[in-house]
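As you go down the protein sequences, you meet chains A and B in turn.
Heads up, this note's numbering is the position in the first sequence plus 41, with the first residue counted as 1.
Heads up, this note's numbering is the position in the second sequence plus 42, with the first residue counted as 1.
One or more of the hints may lead you astray.
Said to hold, decoys possible - Cβ-to-Cβ under 8 Å is the rule here; a few derived chain B residues that face chain A:
id, residue
1, Gly-69
2, Trp-70
3, Tyr-92
4, Asp-100
5, Arg-115
6, Arg-116
7, Thr-117
8, Lys-118
Derived from the structure by calculation, the hints contain no laboratory data.
All C-beta atoms, glycine included, are put in the ideal place defined by N, C-alpha and C.
Chain by chain, the residues:
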Amino acid sequence: MRVAQFKRRLRALFHRAAVDGELNDEIRLHLEMEAEELVRTEGVSLDEARRRARIAFGGVERYREAQRDARGIGWLERRGQDIRYAFRGLRNRPGFTIAVVLTLALGIGANAAMFSIVDRLLFRAPPLMHDAGRVHRAFLATTWRGQVNENDYLAYARFIDLTRDTKSFDRTALFSEQELAVGTGSDTREMQVGIVSAGFFGFFDASPTLGRYYTAAEDAAPNGAPVAVLSYGYWATQFGSRRDVVGQVVQIGATRYTVIGVTPKGFFGVWPDKPPMAFVPAATYAAEKGLDIRGENWWTTYHWTWAQVIVERKPGVSVAQANADLSQAFLRSYQNELTTSPHQQSIAIAKPHAFAGSVLAERGPHESTLAKVATWIAGVALIVWLIACANVANLLLARALQRRREIAVRLALGVSRARLASQLFTESIILALLGGVSGVIVAQVGGAVLRTAFLAPTSTATVISDPRTLIYAGGAALFAGLLTGLAPLLQTRGVNLGHDLRAGVRGGAYQKSPLRSALLVLQGMLSVVLLVGAGLFVRSLSHVKAVPLGFAPDQVVLAELEMRGVPLDSAPSEVLRHRLHSAAAAIPGVTMASRQLTMPFWDTWSFDLYVSGIDSVSKLGQFELDAVSPEYFATMGTHIVAGRGIDVSDAAGAPGAMVVSQAMAKKLWPHEEALGKCVRLDSDTLPCHYVVGVAENIKSDQLGDDPGLYYYVSSEQFHPNQGGLFLKVRGDPDVMKETVRKALQPLMPGASYVTVTPIRDIIGEQTQPWRLGASMFVIFGMLALVLAAIGIYSVIAFNVSQRLHELGVRVALGATMGDIVRHVVTGGVKFAAAGVGLGIAVAFGLSHWIEPLLFEESPHDPVIFALVAGVLLLVAALASFIPARRAAGVDPVRALRME
Amino acid sequence: MANRADLLQGTLDLLVLKALLLGPLHGWAITKRLAALSDDVLNVGQGSLYPALYRLEDQGWISSEWGISAEGRRTKTYTLTALGRKQLASERSAWRLFAAAVEQVLHAS
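Here chain B stands alone, though its shape is the one from the complex (with noise of 0.2 Å):
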């Protein structure tokens, strides 16, 4: 039923969500942290990061502050909001069903 767009995109909600678990973090941020936590393989486009994010602040999954960073910086940080980490739970487990199944039919012979 899903088309690629829509799974890609739910996946990097998922991604995002897991993300700010670890902490707030700014955009930027995000990305650095994604690429880490993947060793490099994943590299979410910037124009998709920031439109997600919108998104997701939208649904209330998580909350937008501005501050000053370390380095006395203007920044967006975002944080994961209570809402948003009953989302990353049902999505967390949306995706291991998904990707069991996926995986199930890969290994039939």
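Okay, chain A solo, but in the shape it has when bound (with noise of 0.2 Å):
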């Protein structure tokens, strides 16, 4: 483009008016100019020839476009004024424009926001890993009884050998998170820490901000160097970024470390959403933990299984090449395991192979519950972000009906078809990003709700300062305006101008629309299959709390023994218990405490039995043992069923007592009577421990089909020396649990220490999916259906505002108020009825696939299905009501006079 060119482009483009006005003159020279000369010629009036050269001249508002383009700038500039056009007439009609942009700020508000959490859980990789996409998770298979079991959680030793055998990877390392306790004193607390092998910091570009990260040498069996490496979060808040704090010493679980460095910002290891506070050495760590396995070594045992691996593959090395060669490797050190423990099943039965599998914990083999609920939460959110555009689709169509008239007008002038189909696709792009923006706010403010319920509450996520998060905000803001924007696109090709001109105001916008027919009866069928999905996770909430747990969690806490670095020996250990006991049950607000041993829920302990007549008891099932004082039945609410509870006198050197659960006594002797009966525990040349009595089943394991075999032996002669204690409190469990740890950490010798947990919390843990499930599918829900109730009114007021004139009519011959109402509610009902049927038949062929996020509750429950049905139509025929109301309240002389 010459420099002229230019200069003449750029004024057209900033000196608009005067370059019009300049055409403006132009165009008057030359009618008048040709006027002059028809009156010279012809003879004509001065009127008359005027006329006629404007005729000539054609549409000087087409002219005015084609002059535009030939300047070179028309298309910007033309943007530019449908860009002010649009706002012009959204602010103009500000309750059109709230409602549409609310309308899109819940639908992708919404979705950004599980997008957010569903993209933590599932697809981001760890900040700062390098070449994200070749680094795996180690998996190891095994067989055992026919199934299949994939396991991430490995011995050091076997990391040791899957190291040294394999090729195919770049750098690997073990690592684990664990909360420990930190620090010294009433400063003490649990805080997660890094437990990870010198080679891990290799997987991340993260040079350390402070010091360095430590060496192979310092991570080496036997013993590890107690150093630390801080996180950068816990070296702001606690050391207040002091750099000398290289040298300090901080106690994490037994260990004193010295700090040798610190983390760069935003590192989190693989844990971005539960950071640790520092990271240590796997060999100090295990060195400290793996004290009491029984006579080998934490480093050669294959049966510590505490710790995952991470791999990278070489470049070129394919994901199946690395599986073989994993394989290989645990292969070869099956057959070292085999060496040291015979009893292991045989390599044809266990058949050993491993895999690599993402890096992600919450993606497979072992995808969580939270993770498919998230998922599935994330489905439900794009069908609200569906319904929230048909809903806008459906008000947009209403608005271009209404302007039908002024839309013919303008192509009468010469505005071109695809000029005002620009216009109104404007208008569609800037309502979507307006929606957008507010979305995001939505996601930052209603999202905290989400991201508390399935992230952990350590997570940094947000919406706002995240740019993945954004651009997918983006995305579906402006996927919505090309979709809403096609609706009034398709209305301005059937403008039919002889017919929209002459039918004015009434005729120009009243008649029935397919499409929009079409868009109610879609909101009405996504919210019915929203809505099921409610009913039905709701019914599974219900039915999870009515389980039968066999214990009455609600007024009892946990208090766990953390011995950190004080091995007593047994009998130190015992009267340290029994001291313990009866301090407990001191405790003004504990009204009974009993001695423990396992935790329902968390863990499990089982021995092989040996009971004369049965072959093989472990062919029956899973038995699983508690060892308690006689408080314990009491303390749990769990009832005898026939016979006694542990009693005082099932002391140390009496006779073996036990406690079955009626599951385990019908299991064992079906067609006999349970007390009396001899059972061995772990080797059939131990004494008896004899059957004293039956208590109800519990459940210990899951809340659905749990065996529920289940004994109870006394705490005095069974590992007097171990376990912690169940209470009883009176009042509120989380404030006891304070009080409790305060009476009971005094009597803790050294570094050891209490932890007191109400257990409602622990069987909480286990109802949080339906818990999720429900809430989250009602909050969804009740989302669509506010939208497609709001859908349902527009359409019809907006229908009742049009027809007036002809409900005037109807009432002028006679028809009644509640002729009027019936009549606009049985047609807003009908939609919905229509989207209610085809809803039910969706959610009814899709339901099988939630089915096992369900809990005894059928996906196909009559009842929720005729529920929602009902409340559908209800919620359409309320919504059809209010403008029938108006409907009918019409004055029909005003009507008939209208226009």
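From the two separate chains plus the hints, produce the assembled complex.
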């Protein structure tokens, strides 16, 4: 482009008024000259001549368009005009604008919030990890009792074997995150600690902010070195970012670690949602924890499986090759294991193999229920988005219909259809972008609820400052704009100039639109699907809550003893526990205290059992035990149904006593009385435990089909030097837990400490997926219902306003108010009924997909389906009733005179 | 290759340049001059004349100037530029080639 040309175009762009003025002058000049000539040559009057000149010139508006096109800045200029025009239009109809933007904000906000969660759970690589695409977690698979077990927790010795015997990987590392007591004295707090081998840091582009990371030599068996690398966050909050932190000592667990470095900002290892306060060498941690492995070294045993392994494929090595290599190494390692533990399953049966899975914990093969629910809710959010789009499309259509006359006039004035379409489309896009911006705000504010539900409380997830989420929200907004913009575009195609101009305000607008009806039905259908989902989850949750646990968790707290580097011999340990037991019973507010060894749903303890007359008890199932004191059954509220509970007489030296669950009694002695039977634990040469009582079944493993094979022995007769306490408390367990901790802590020797947990929290973890599913489905289902109601309301209200004339005629002809209301409401309910019918069919077809997430609930529960259908029809009737009332109040004379 | 619309547009440019070769004119006068030169056969629609004038000016083939006419009216007068003369020459030969080719086709027996 030449300079002069460019200058001219710039002038045209920025001095549009002046340039347009010149253009008008020129046109005027032309018309005048033409007219004068006509007067001269044909002798017509001046007015007539001007008229003819105008006709000869043609459409002035169209000519101006072409004129601006020729200036070469037309496209840009017209987009600017369209945007201004759209904004002006939106400002003139604030109600419409707010309705559309809010609807979109809800739809887009719900999606952005869920995206930020699902992305973190399932897609996003840990921050700062380089070549995340080549990084995997190693999974080991073995077959046991015909079932393939895939496990990613493995022993240190296995890690060493896998590292040594594979060639496919650039690097491997061992990692584990543990909650450990950090600090000393009353400042002791349990915090997340990253326990990682020296090679772990190599997976990241993260050089330390301060100091250095530890070396392989500091992370070597048997002892490792007591060195720690603090996380940036902990360094900033606890040490005020002081640079002299290197060399200071921090107590973590039982070990006093010397700080040698600080990680960079934004580095959280593989736990961005549960950031560790520090990273310590795997060997150092293992040396501290691995003291009591029976006769084996922690670095040679294959039985202490406590950590995961992360590997990075060499460039060019495929996943399949890596899997084969890993499997080969695991096979060799398994052979090693067989030489030290000959009882292990043979290779032919265990079929050991290995594979490289996703580095993200929530991705398979053991995808948590949480991740599944989150994925479902993300799908649900997408449906809400669709409903919002349908709603907005409907509102835009209504508006386009209302503007039919205006559109016809503008077409008549020579505005091209393409231009008109572009204006309508611009309006949709602007609305969508406004909706997107509001949606991000909704996601940031409302999404906090979702994030606390799905992510760890320490998670730093936000929406506003996260580019990935913002891009997603922008995409959702733009796509909504494109989708909703299509509807009014289709409408401009059907404009019939003559008809629409003649029709005036009334006839130009009201007509049945199949597209709009279809959108209404679609909304109804989607809402039904969501509400059915909500109903099924709510029913599941009530089933879950009604499950008899066999014990009453609400008023009981669990006091656990963490010995932290205080290796007491048996006798002092036993004395300590007796002392704690009596002290706990004396705490005001504690009504009952019992010894315990295991906690249902948390840990289990089981033995091979030997019963005369039964070949292999272990074939009948897994029998789990707890070792308790006499107060246990009263503390937990577990009923004894036959015989007696554990008794003070079941002391050390007395004959072994045992209380079995009803299920266990039935399993072992289906046709006989259980009381008095002899059961030998662990070996068939050990003395008998005699069954002294039968207790009701408890759930100890899962809330669903729990086999309930459980038994109780006396804590005086079984590992009296281990375990903690169950305490029954009065009042709020969350308050009492601190009272209990303060009362017991002074009795603890050295660095050991007590933790107290209300067991309803432990049970609560079990019901969490259902609670989450129910609350999320209900929230999104209600959102869908509200949107659907707004949709029906706005369409019916719009129809009524366009039909006032017709309704007036009806009233004039003798229709009563009731007739009119019925007529209008029926119109609305008809749409809803179609949507409900379709929705029920779709939900019926789809609901089996969520069956695995339901609890003792049929995915085709007729009660839910009927209820949802009823609710939706009722809402539709209500939404139509309001405009119907208005219609019925129409004064026929005014309605007929209108226009 | 060229479609009908392009052909017509190209022709209009040629005609406008030719009209201005005979001396500066304002818009209305251009249509009159073309009508006179073609014995009223060519009637240029004003709707396409002004966009053509702007396009030609944008290309630098003509220049325009606001002035006062003999009757005291404010008029915009267009003048052929040196660049425009060259363009006219090349368009003229292109047109002759084209017209001759069409003639030849029509006379083929």
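For each hint, the structure was consulted:
1. Gly-69: Hint on B:Gly-69: holds, closest Cβ of chain A at ~5 Å, below 8 Å.
2. Trp-70: Given a least distance of 4 Å, the restraint on B:Trp-70 holds.
3. Tyr-92: For B:Tyr-92, the interface hint holds, since the closest Cβ of chain A sits about 6 Å away, which is under 8 Å.
4. Asp-100: holds, 6 Å
5. Arg-115: holds, 6 Å
6. Arg-116: holds, 6 Å
7. Thr-117: holds, 6 Å
8. Lys-118: Holds: closest Cβ of chain A sits about 5 Å from B:Lys-118, inside 8 Å.
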